[in-house]
Amino acid sequence: MRVYTRPVRTRHKETIELDPLLDIHPRTGDGLAPAGGPSVAPVQLRRAVRLRRGHVSPASLRHRVASRLASPRLAFGLMIYLGVYAFLGSLVAQGTAESPKVVAWALAHPGVEQLVRSVGFHEAYTTPLFLVPAALLLACTAVCAWRRTRVALWRGRALARTGRGDVSGIGARPTFTLPLASADEGALETAEEVLNGCGVKVNKHGDVLVAGSPVASVAGSPLFHWSLVALICAIALGSLFRADGVMGIAVGDVKPLAAESFGVLTAGRFHSWPVPPPTIAVEGLDVSHRVGGIDRGAAPLVVVRDARGSVLAQGSVYPNHPLRFGSVIVHPGAYGLAANVALVDARGNELGRSRLLLDFDSHVPAGTDPGGLTLSDAQGNPGAQVTLAVPLDMQAGSFVQVVPTRPTAEVTVTSVAGNAVLAHAHLQPGESVPVDGGARLRLDNVGYYARLAIVDDPSVPMIYVSLVLALVGVTMALLLPQWMLVVRLSTEDDRRVLEVTTRDWRNASLRLEALEVALRAAFAGNESGGRR
Amino acid sequence: MTSEIILMWAAITFYTIGCIAFVFGAVFKQDKLVTAGLWISLAGLLPHAIAIGIRWVHVGHAPYLGFYEVVSSYAFAAVLALGVIAWIRPSMRIAGIAIMPVALLMIGAAMLAPKSPLDITPTLASYWLTIHVTFAKLSYSSFIAAFAIALVYLIRERKPVAEGSVLSRLPEQSVLDDLSFRFVAVGFIFLSVMIVAGAIWANEAWGRYWSWDPIETWSLLTWIVYAGYLHARLTLGWRGRRAAWYAVLALPVMAFTAIGVPLAYNSIHGAYLTGYK
Chain A
329 MRVYTRPVRT RHKETIELDP LLDIHPRTGD GLAPAGGPSV APVQLRRAVR
379 LRRGHVSPAS LRHRVASRLA SPRLAFGLMI YLGVYAFLGS LVAQGTAESP
429 KVVAWALAHP GVEQLVRSVG FHEAYTTPLF LVPAALLLAC TAVCAWRRTR
479 VALWRGRALA RTGRGDVSGI GARPTFTLPL ASADEGALET AEEVLNGCGV
529 KVNKHGDVLV AGSPVASVAG SPLFHWSLVA LICAIALGSL FRADGVMGIA
579 VGDVKPLAAE SFGVLTAGRF HSWPVPPPTI AVEGLDVSHR VGGIDRGAAP
629 LVVVRDARGS VLAQGSVYPN HPLRFGSVIV HPGAYGLAAN VALVDARGNE
679 LGRSRLLLDF DSHVPAGTDP GGLTLSDAQG NPGAQVTLAV PLDMQAGSFV
729 QVVPTRPTAE VTVTSVAGNA VLAHAHLQPG ESVPVDGGAR LRLDNVGYYA
779 RLAIVDDPSV PMIYVSLVLA LVGVTMALLL PQWMLVVRLS TEDDRRVLEV
829 TTRDWRNASL RLEALEVALR AAFAGNESGG RR
Chain B
2 MTSEIILMWA AITFYTIGCI AFVFGAVFKQ DKLVTAGLWI SLAGLLPHAI
52 AIGIRWVHVG HAPYLGFYEV VSSYAFAAVL ALGVIAWIRP SMRIAGIAIM
102 PVALLMIGAA MLAPKSPLDI TPTLASYWLT IHVTFAKLSY SSFIAAFAIA
152 LVYLIRERKP VAEGSVLSRL PEQSVLDDLS FRFVAVGFIF LSVMIVAGAI
202 WANEAWGRYW SWDPIETWSL LTWIVYAGYL HARLTLGWRG RRAAWYAVLA
252 LPVMAFTAIG VPLAYNSIHG AYLTGYK
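Those protein sequence lines, which keep their order, are chains A and B. For the first sequence, the numbering used here gives the first residue as 329, with consecutive numbering after it. For the second sequence, the numbering used here gives the first residue as 2, with consecutive numbering after it.
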């Protein structure tokens with residue numbers, strides 16, 4: 329809502345003087361008054377408001393758009409739409425078409441799956457059906473924040489001005505008047521005493537008493553709304569610069585922090601990894617890491633180094649204890665086994681090494697999902713296929729998810745076409761199995777690997793700050809009253825009166841009512857000349 | 002465990018008698034019955050608190066996990082909220098007629114649930130759990146209190162109140178309206194803190210501050226619903242009956258978020274109520 333502080337020149341070439349301290353109800357155009365007080369909306373004011381809505385300014389398109397965006401009804405409607413949308417979204421499995429829960433949901437709901445898929449509802453929060461209204465709500469919030477800032481600045485200046493005793497801006501019409509006995513010289517002192525007794529700190533400036541909320545009390549609503557704008561912008565922009573993925577690293581292995589090191593990676597359009605990339609190493613893994621008497625699960629010891637080899641960050645990574653460096657956070661994922669193998673020729677010379685990462689799986693006979701490897705010749709042509717699994721130890725009918733006491737690898741070598749088994753063996757560390765062309769595949773050792781969830785999101789600090797500021801703003805806006813009270817001596821119909829002007833801007837109606845009751849009680853009977 | 006169950010049943014007994022006293026006091030306009038109902042209900046807080054404490058020591062964590070613990074603690078918070086309301090405004094103790102049946106239903110449901118303790122998992126082992134859950138309980142209690150006051154407002158407005166009746170001794174409708182708004186405002190702030198704490202914790206634990214998990218979505222829905230109430234009141238000037246109806250109709254959304262979503266949806270978040278699967 330707009331508050332006019334100067335005369336308004338309308339389309340009809342008439343000039344309307346408006347009371348600068350009046351607030352305008354956004355619906356009715358009436359001036360707001362404290363409870364029980366008279367309406368202060370003259371006909372001219374109503375007309376000015378209607379004309380304002382009818383675009384009195386040359387920049388009418390801008391005003392029209394801003395007025396629409398500032399409409400509480402539009403904001404209400406968008407919130408209802410997004411609320412209903414979120415409710416419907418919660419009924420549908422969210423994820424890509426290939427994700428297991430989406431597939432399961434589609435099988436369980438064949439009747440609606442076609443419709444859901446056609447509108448892209450499995451990724452409901454990235455479709456235009458969601459993003460466009462959300463963007464519109466962002467625009468509404470921004471316009472609302474702007475307007476609330478202007479109102480807050482105006483109210484803050486009014487509070488500061490009256491706090492200094494400058495009441496020249498107060499409208500001529502008081503909220504209520506208290507008749508005084510003709511020789512009532514101590515009326516202001518009495519009023520001050522009454523207000524102090526009600527717990528209100530009053531400042532006296534000559535023949536005027538002023539009281540009000542602190543100037544900072546008006547900052548809550550703008551702070552909250554601007555924080556929401558900042559938050560939504562941070563989330564939107566952050567999604568363009570964010571990357572998150574999963575990387576498997578065997579204990580003792582080192583990988584560069586680059587896209588090719590990830591097994592699964594989702595990166596925003598503008599995300600890029602640092603060049604030269606730092607390296608991530610897993611230098612140990614505690615399968616059952618206890619902190620504070622609680623088993624935190626498997627905790628890999630992760631070390632991050634820059635290109636020169638200097639340590640950027642290191643530490644054990646477990647739930648609620650990630651590793652941070654810059655905008656990157658490393659979280660623990662699952663862990664599994666890592667089988668290190670080497671390809672040697674007939675003379676025992678190493679031709680190559682590889683590492684197979686094996687996940688635990690209680691539904692397969694060995695307890696680990698088999699890993700695969702394709703051997704190629706010197707020209708890069710694919711040769712034999714190797715499948716390797718490490719059988720786990722059993723205890724009380726369940727697999728024990730640690731490196732077996734005597735680790736072995738069940739190795740199967742098949743031809744390129746996969747239709748002939750060339751070799752099958754159970755290898756212990758140091759043993760080998762023949763593969764193509766006289767070479768042998770040797771099992772060196774079995775260790776652990778850690779699956780790390782790595783997130784690079786530079787927007788997180790801004791999101792946190794926005795959230796905290798929004799909390800501060802909403803607390804101020806909802807709990808701090810905004811009000812003002814001015815008491816001054818005047819003459820009305822040749823009688824001395826005490827004029828009391830109040831402004832209830834927010835959360836203060838009951839307090840001002842109580843003050844009015846107390847003041848009226850204090851000056852009751854003054855028509856007959858008495859005071860209290 | 003036995004002593005805990007005995008104390009819980011003692012609390013249920015007190016709450017039941019208190020609830021009956023509230024109802025009879027309101028129906029038969031007996032102010033003393035209403036006062037007795039309040040004190041009996043508050044007396045039930047003692048065995049209830051001791052039972053929660055015994056369980057806390059036994060399982061090694063606060064009442065965070067499992068339907069029994071969580072819903073029992075919600076019932077405790079609701080009765081405590083009644084005590085706070087009655088302390089701030091003694092004439093408001095009649096709000097117990099709305100709060101106590103809700104608390105009784107909750108504690109009854111809790112007693113029917115399995116009581117085997119759940120261990121703190123590595124994901125839950127964080128100080129954010131305490132912050133998140135504490136503000137969740139505070140916000141839900143505040144919304145229940147707002148609901149109760151709004152309900153009383155509507156009941157009193159609907160038909161003339163007999164002189165000398167319990168309802169006639171309540172503060173004016175404008176005061177009830179203001180109180181309901183204040184409880185919604187405070188509940189909204191607590192709810193916002195709960196959501197923010199949850200988002201920060203999720204980022205610490207899983208690397209994503211928001212993943213549209215059903216309980217996250219419904220928490221946001223609850224936030225939007227109550228944000229709508231505040232907008233309607235502060236911007237559109239809704240007062241009195243409209244605001245009271247809004248506060249009453251908003252509660253089922255909050256209740257579904259707190260208790261319905263973990264039961265109806267398959268969510269990792271819902272494990273706090275349904276246990277680990």
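Just so you know, the hints here were simulated from the structure itself, not pulled from any lab data. Model, not experiment: these values are computed from the prediction. Treat the hints with care, since some could be wrong.
Some but not every residue of chain A turned toward chain B, in silico, with C-beta under 10 Å [stated by the list, open to error]: (1) Ala403; (2) Ser549; (3) Val615; (4) His617; (5) Gly621; (6) Gly625; (7) Ala641; (8) Gln642; (9) Tyr646; (10) His649; (11) Gly654; (12) Ile657; (13) Ala781; (14) Val796.
A short list of chain B residues far from chain A (calculated; beta carbon distances all over 12 Å) [said to hold, decoys possible]: (15) Ser4; (16) Leu106; (17) Arg159; (18) Val197.
Using N, Cα and C, we set each Cβ at its ideal position, and we do this for glycine too.
Against the earlier hints, flag every one the structure doesn't satisfy and list their numbers going up. 3, 7, 8, 11, 18
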